[in-house]
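Student: What follows is each chain in one-letter form.
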Amino acid sequence: MKALPLLRNLLVREIRQRYVSSAGGLFWALILPLAQLGIYAFVFVHIFKIRVPGADLTGFVPFLAIAFWPWSAFAEGLSRGAVAITENQALIGKVALPHHVLVLANASAAFVLNLFGYLAVLIVLIALGTTVYPSGILPALWIVAQIFALMVGLAFFLSAVQVFVRDLAHALQPILLLWFFSTPILYSMAMVPERFQPWLRINPFVHFVEGLRQALLYGEWRPATIDWIMPLAVLAVLVAGYLFFRRLSPRFEDFL
Amino acid sequence: MTGQPLIELKGVGKRYPPARSSGDRLLGLWRGLLARSPSAAAGVLEGIDLRVQRGEALAVLGENGAGKSTLLKIVAGVIPPSTGTVRVNGRLGALLALGAGFHPEFSGRQNVRTAATLAALDAAEIDARMADIIEFAQLGAAIDQPVKHYSSGMTVRLGFAVITAIRPEVLISDEVLAVGDASFQKKCIRWLEDYLAGGGTLLLVSHSVYHVQKLCRRALWLHQGRIRREGDVFAVSQAYLAHHEAKLRAAAGGETAPRRVRIDRLRINGSGAREALLIAPEASIEIVAELGGERPGDRLSVAIQQMDGALIARVRVEAGVSPVRFELGPLPLLPGHYQVEFLPLDGGGNRCGDAERRLLRVTGGSREFGSLRIPRQWH
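Residue numbers (our numbering), protein chains in the order written: chain A, 1 to 256; chain B, 1001 to 1379.
One chain only, chain B, in its complex shape:
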């Protein structure tokens, strides 16, 4: 798409100056008055360049503390960046936190009024849309109760309902979908899909890869305040998940097992490399395993797993003679990262050696979810 991007960030960084002691705070006051840059401190974001075109949906992924919320706040204009520039050329709606901007003492209706005023709706527009807002939030009589009595689900419903009334050109949402119940989540997703189909622009932070992949085509992976990866939502989210699961695995530590049978060499499609092997969807893989040790195992277990070790499928092949050669496939795996675990088994089916693992990456994109592609026919 051509033309001016709707959101443009250039070299955006955010650092928080030390603010613990009163000396720090006085220094902050002084530097602020002289318009000097804040004293060196903890960086939250560093060197973020970002362009979002009208009609795009961008997901922001990252671990806790990676700077996602700070990035969204900067785009929303809630906090100014320490370095760099931010340009947003459109009406903004932001759901930055649960009940942000709601006053606990006031009723839902009064808070809607304030929130809509903040979004630059005039009184007539607010009156006209109030019924829709209340209808969308499905709060019933609670709309006239103080917000302090609301559950978190009710609060997020009200917040989202206000957004639907504001009809922003850019919607910024920070992990708020997770709070609503299942039916409200579906309703929000449906609304977001309509909004995107109607040319709306979305910046979404979510830990739900499901939501991310469903709504967004592009993704940004923030890691320790920097962009680690950016591009197609599937490539980025899969890389992100793989990173997570590898981390979990590292934390769990490697297991030890009796070393009676060793897997000396392992080749998949002729490659012994430990890097992820790229295969096309529905492709087969050819495996050659050379076994050694006290005696050959009786069988070899081959497990296809998700990156966190969750089992997708396991097969056992006869392994009386080394090398063992066999072909697996065609593999009905959806695009994504997987690992294949090889484990020598004895005659009784018990493991009798160390496991070997290889990574697989099934290329391509898909709108389906899960790990397996299930064939289907329409009748």
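So that you can see chain A by itself, here it is in the shape it has in the complex:
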């Protein structure tokens, strides 16, 4: 009952903290992704002259952008969430508060900021002539919600383990890099040799990325079997993560 206003307060605080000393403030949350978009366009389209099968219709930049920002929301949210407890140890030893709110606030702040960037990028792409299908917005939101839930579930796991095993936050970065490259964000699944494809498909993010492209870029998202299984799997991760976290949270203070 007190968790919700607290979450809001911590969330605002976390978002403010990242921009509190910069003159541009939240403006940066929009500018940085657009700058990134421009750099990718230049490097991949004009230098690498990349050709992705399936991306011919839309061009490479929209193809990349549709998948890239949801990933970066996920990856950044997970990294921030994983250190939520160790970063707030001064608070945990001194103030009575529900610990899971700290993880939620850290992870969601990063996630939400990236979504702002995503929105800005989408608007710019539309303005530059990319067709984004309005029919895809609802499915896309549904997919983003699943990404968010998966991130929070994993962040609960990681932030709890991070208290006991401090190396985790360092190990997470290469793992996320590996995850990024094993997800068809920079490439399409069609480019992957056929014998590797089933292995790559174990990665839930493949499904998210393809779903987002189907929905927003091609306007042909239709629910398949996996779209019924995936939300349940994500929910299972979320619940398991929360239970794992709650089990360990009374011991946090002993090991901080």
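Any given hint might turn out to be false.
If you only want the chain A side, here are some residues facing chain B, beta carbon under 8 Å, derived [said to hold, decoys possible]:
| hint | residue |
| --- | --- |
| 1 | 94 |
| 2 | 97 |
| 3 | 248 |
| 4 | 253 |
Distance condition first, Cα-Cα at most 20 Å in a straight line; then the derived SDA-like pairs of lysine to any residue [claimed, not checked]:
| hint | chain 1 | residue 1 | chain 2 | residue 2 |
| --- | --- | --- | --- | --- |
| 5 | B | 1247 | B | 1355 |
| 6 | B | 1148 | A | 17 |
| 7 | B | 1148 | A | 16 |
| 8 | B | 1214 | B | 1194 |
| 9 | B | 1010 | B | 1226 |
| 10 | B | 1010 | A | 250 |
| 11 | B | 1148 | A | 18 |
| 12 | B | 1148 | A | 87 |
| 13 | B | 1187 | B | 1175 |
| 14 | B | 1148 | A | 91 |
| 15 | B | 1148 | A | 13 |
| 16 | B | 1148 | A | 89 |
Every beta carbon over 12 Å from chain B, so not counted as near; a handful from chain A, in silico [stated by the list, open to error]:
| hint | residue |
| --- | --- |
| 17 | 30 |
| 18 | 51 |
| 19 | 145 |
| 20 | 194 |
| 21 | 203 |
| 22 | 232 |
Honestly, the hints are just simulated from the structure, not real lab data.
Note that beta-carbon positions come from the ideal geometry of N, C-alpha and C, so glycine has one too.
Based on the hints, put chain B in the right spot on chain A.
Tutor: Frame of chain A, contents of chain B only:
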């Protein structure tokens, strides 16, 4: 007072598992997951049973490292106990450490908002009380400065001001009064007295026996994680002080002096026992001292001291013939522990023998401070 206690602790203990090596930490993770008790380790608290009724003010005394702060944190719900149960049936406000929960990068105002949210105030209540908080903290324009630029006094003022706005049913305060300046301390004491008069409940850790005796009626003395004594604030705080001063004395070591005159026997009110002699306030004591040695001293110095040896009063009595008999009093001493030091002096007033000491305990309770009861009349 009847009814459910506001705070109830049963068999509460806190042990910290070893957390130094990564093996220890992995083991801690593993045991946490299996809900096994943490591996055996340093105990901070052991077997604490405590009931605090609504409207009570309880002081927690103890040396550094006795477990006071841990006890308060457990009551405040900041850390869970390793053993036992804790029940608190009321809205809690806690001042556990200087600036606890304040974020250094944010302004005082923003931090007040977070702290009040943590105390379950909603946005409307926070807005309504913000002016009072700022007024109480007396920070002026600094309220909009980042807390990292605050002095420790300013930080504690802000923390206390938040508490005044939360209006908790149970207030837990860990040695925070000591930081503020004199006028702010007075303001806090006044607020605490009003709070207690209005039925508030207080759990106070303070090394200031003055504050403890002023605010609390009951006290708890924690020693090495266990309750050493509990009861009336005067009895407990005096015992605690006596323990401290005895410790200081032991550390300083006994002094040596020329042994020309000995005090062979010493009886106060007929008792030669070395245990503290209980006397009523304003009572007189009768002393018989048998002196021996090379030659009788010329005088006997009798000093009434606090337990740390600080002098309250000294008298000299003629001691040409042994035994020396005399009566001292009525003694205008306030309730508490004292010691009486007997020292043989030669004709020139120099000490000429070993000192003898006896302990006195003046019984009863008093709301006055210091050692002496000063008579007064109103006109």
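Student: Please go over all the hints and tell whether each is borne out by the structure.
Tutor: Hint check results:
Because the smallest distance between the Cβ of residue 94 of chain A and any Cβ of chain B comes to about 3 Å, under 8 Å, the interface hint for this residue holds. Interface restraint check for residue 97 of chain A: the shortest CB-CB distance to chain B comes to about 6 Å, inside 8 Å, so the restraint holds. Contact between residue 248 of chain A and chain B, as hinted, is supported at the beta carbon level, the nearest pair being about 5 Å apart and thus within 8 Å. Satisfaction of the interface hint for residue 253 of chain A is found here, the shortest Cβ-Cβ separation to chain B being roughly 5 Å, below the 8 Å cut-off.
Note on residue 1247 of chain B and residue 1355 of chain B: the hinted pairing holds, with a Cα-Cα distance of about 19 Å set against a maximum of 20 Å. For a cut-off of 20 Å, the pair hint linking residue 1148 of chain B to residue 17 of chain A stands: about 14 Å separates their Cα positions. Distance hint between residue 1148 of chain B and residue 16 of chain A is fulfilled; the C-alpha atoms sit about 16 Å from each other, no more than 20 Å. Between residue 1214 of chain B and residue 1194 of chain B the CA atoms are separated by roughly 13 Å; this keeps the pair inside 20 Å, and the hint holds.
For the suggested pair residue 1010 of chain B and residue 1226 of chain B, the alpha carbons sit about 13 Å apart, so the restraint of at most 20 Å is met. The suggested pairing of residue 1010 of chain B with residue 250 of chain A holds, with an alpha-carbon distance near 18 Å, which does not exceed 20 Å. The hinted pair formed by residue 1148 of chain B and residue 18 of chain A meets the criterion: a straight-line CA distance of about 17 Å does not exceed 20 Å. For the hint pairing residue 1148 of chain B with residue 87 of chain A, the CA-to-CA distance comes to about 17 Å; that is within 20 Å, so the pair holds.
The straight-line distance between the Cα atoms of residue 1187 of chain B and residue 1175 of chain B is roughly 16 Å, inside the 20 Å bound, and the hint therefore holds. Straight-line distance between C-alpha atoms of residue 1148 of chain B and residue 91 of chain A comes to about 15 Å, which keeps the hinted pair within the 20 Å bound. A C-alpha spacing of about 16 Å is found between residue 1148 of chain B and residue 13 of chain A, which places the hinted pair at or below 20 Å, so the restraint holds. Restraint check for residue 1148 of chain B and residue 89 of chain A: satisfied, since their Cα atoms lie roughly 17 Å apart, inside the 20 Å limit.
Every CB of chain B is more than 12 Å from the CB of residue 30 of chain A (nearest about 23 Å), matching its label as outside the interface. Every C-beta of chain B lies more than 12 Å from that of residue 51 of chain A, the closest at about 47 Å, which supports listing it as non-interface. Separation of residue 145 of chain A from chain B is adequate, the least Cβ-Cβ distance of about 26 Å exceeding the 12 Å criterion. Remark: the non-interface label on residue 194 of chain A is consistent with the geometry, its nearest Cβ contact in chain B lying 41 Å away (cut-off 12 Å).
No Cβ of chain B comes within 12 Å of the Cβ of residue 203 of chain A; the nearest lies about 26 Å off, and the non-interface call holds. Remark: the non-interface label on residue 232 of chain A is consistent with the geometry, its nearest Cβ contact in chain B lying 24 Å away (cut-off 12 Å).
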